[in-house]
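Enquirer: Work the whole structure out from these sequences, hints included.
From first to last, the protein sequence lines stand for chains A and B.
Just so you know, we're using the working numbering here: the first sequence kicks off at 3 and counts up by one.
Just so you know, we're using the working numbering here: the second sequence kicks off at 3 and counts up by one.
By construction, these hints were calculated from the structure, which means they are not laboratory data.
Bear in mind the structure is a predicted one, so any value in this text is a computation, not a measurement.
Since the list gives no way to pick one copy over another, a pair counts as held whenever it fits inside one copy or between any two copies.
List of simulated lysine-lysine pairs, DSS-like, C-alpha gap at most 30 Å:
#	residue 1	residue 2
1	K16	K55
2	K283	K312
3	K55	K68
4	K279	K304
5	K89	K312
6	K34	K68
7	K89	K287
8	K316	K68
9	K68	K16
10	K33	K55
11	K287	K312
12	K89	K68
There are 2 protein chains.
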Amino acid sequence: MGLIVQKFGGTSVKDAERVMNVAKIVTDTYKKGNNVVVVVSAQGDTTDDLIDKANEINPDATNREKDMLLAAGEQISIALLAMAIQKLGYPVVSLLGWQAGFETTSMHTNARIRRINSERLKSELDRRNIVVVAGFQGISRYGDVTTLGRGGSDTSAVAIACALHADLCQIYTDVEGVYTADPRKVKNAKKLGEISYDEMLELATLGAQVLHNRSVEMAKKYNLELEVLSSLTNAPGTIVKETAKMEKMLISGVAKDTNVARISITELPDKPGIVFKIFSKLSSKDINIDIILQSVGRDNTKDIAFTVAKEKGKQALELLNEYAREIGAGSVVLDENVAKVSIVGAGMETHAGVASKMFEALYDNQINIQMISTSEIKVSVLIDINDADRAVSAIHSKFFDAE
Amino acid sequence: MGLIVQKFGGTSVKDAERVMNVAKIVTDTYKKGNNVVVVVSAQGDTTDDLIDKANEINPDATNREKDMLLAAGEQISIALLAMAIQKLGYPVVSLLGWQAGFETTSMHTNARIRRINSERLKSELDRRNIVVVAGFQGISRYGDVTTLGRGGSDTSAVAIACALHADLCQIYTDVEGVYTADPRKVKNAKKLGEISYDEMLELATLGAQVLHNRSVEMAKKYNLELEVLSSLTNAPGTIVKETAKMEKMLISGVAKDTNVARISITELPDKPGIVFKIFSKLSSKDINIDIILQSVGRDNTKDIAFTVAKEKGKQALELLNEYAREIGAGSVVLDENVAKVSIVGAGMETHAGVASKMFEALYDNQINIQMISTSEIKVSVLIDINDADRAVSAIHSKFFDAE
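Expert: In structure tokens, the structure reads:
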């Protein structure tokens, strides 16, 4: 008996049958005596359909109006899920982002939650209502509808769970938990029983795509236990918490991220401030940089390469082409055919040789490494996108099959 | 130069092309120096699609959740129209019902507007923004999304126009104005240049369906000039105002209403209070009664017949069957194959013989009259539904062709 927050993504509510299935999971939790808050995304393809409608009319519309449009998607799914819960005979109320008290910044399409005014949520729970909340959306200080950007519904769920001091936040997806690699691609991929926040963070950032890093960061900050599990099977999922039993594994997973592009600039004049200027130009346009490689070039110049999210690649290229001409640098090249493959594991901190084991696996398969980046619990390599799946399998075998 | 409120229904914004067409009309009005508030309905079939989705899951869901679901329809259309207006290069902001300050009663699916808090609307107009408002929806005192029921978007538009003291409220539809009869059915139907509120009210109530009576009543109360016109042609429409030039016509129109059912109860005991009891039973279930006919029956009993809206027919029948048994009345019969045909015109007040001219037209065409109801500016008859179109044509010819 406690308070449980459950989050269901778009595929979990994609049609009437799936919505009824979710209603069943929710009411099963409720009838055990728990209070339940459910956070849902827009149904299946709704968001894409709405974006198509918008693009047909005006692809350059303001982000404010894009948010107004997209927020309708979750509105539809919360109403339908509430109707399904009523059908099963349980008391329920659906709430939009603003009704659930999601106060956000006014950065439309990518807003951050400032606070949750949980008054309404609490009063509905006090009445023993199941509360169905629209994920992904909130309201700005100007009273405008905002959306939270990628992974927004996970973030909504975790934020509510933190605000209400929930006992558990369950993230339902179409996989059974967090795996040592993508189970659709790597046949020996193993489901993890537990994983630590930090490892999950690295995996989320690296494209494992089960949980968005914003939500894991928030869960870590408030020490909220998360469970990642499937809405289609009854199997227990993966628990994400502060200190996970690591089952004596060196690494907890291998992840692939293809949402990455590589930009290189050659023959940069070797003067102070030039590199800083490049990164501040990108940062002013909200373009984040990941792996950076700097090397000495010819004749008192240097070369620099770095990665950005794929959708920012062209914009970054244009920005830097202009700047490169200005300062008399060489060429700026964008390569979108790259992928980042990473291993993550708290075990690395205490075990030497983890990185070299990874490089060995790549070398054995003649996969060329373009860039390398490491942190205490992760090693990432940038490789050709065509080698990515092969690389993940090879690394996974090296670490998991051999043991 | 003034403030103009324009309302566009679902067919006017049914696809990208139509949305762009509406954006053109709106911005043409704006660039003449006017402030413009636009009220839109959900696109074409959106509302029906949403109702289908709901019925697939739970046809007996609460009205609160139905409102939550349906309100998403207008949210989509306001965002798309705002995007189209941006495409044409004009400043615009879209507002949901609650953002536009529509405070309503909490009677879900059929809420009434209590007041409009026009603060946000005014501040957007002060900034010379075109304001696109979601019709049909508002917010209850409990912070829940409500919808206004049939004709809700017209009502929204007129309410905003009244609250902001607009100079004109234009209701754009798929016909060019108010006609002497349905132009799709009656070939000599004539467009009226002007019509009075009272005549329009009778026509609206009687199924002419160009304007809902709630909106005409409100316009009359605030003496707001309305214009009914087409979003597809450039032709001037019909002006609705206090005193209309009636162009020397006896009647302003012939209307047909097929949303009607007839209920008759025979052999009611002739005791005081019985008829009152019947009507109070119906009224407690929100069933409105229109034409009433009472006649003396056999053996100290009486018969009574009356009409209700078609969708309330079965419910009324069940209610009254029970009561009839209780008081020992005869049978209760429901007839759904009826239609109400009416003539409306301020000219009637000063001209005798208008009603008999109508009856003559029906007699000449051997159409049997079941019930009659009259007011100062209208005569309605209840006839077999299969005679309805023929009756409208015959009456229209009698009044308009002959002159």
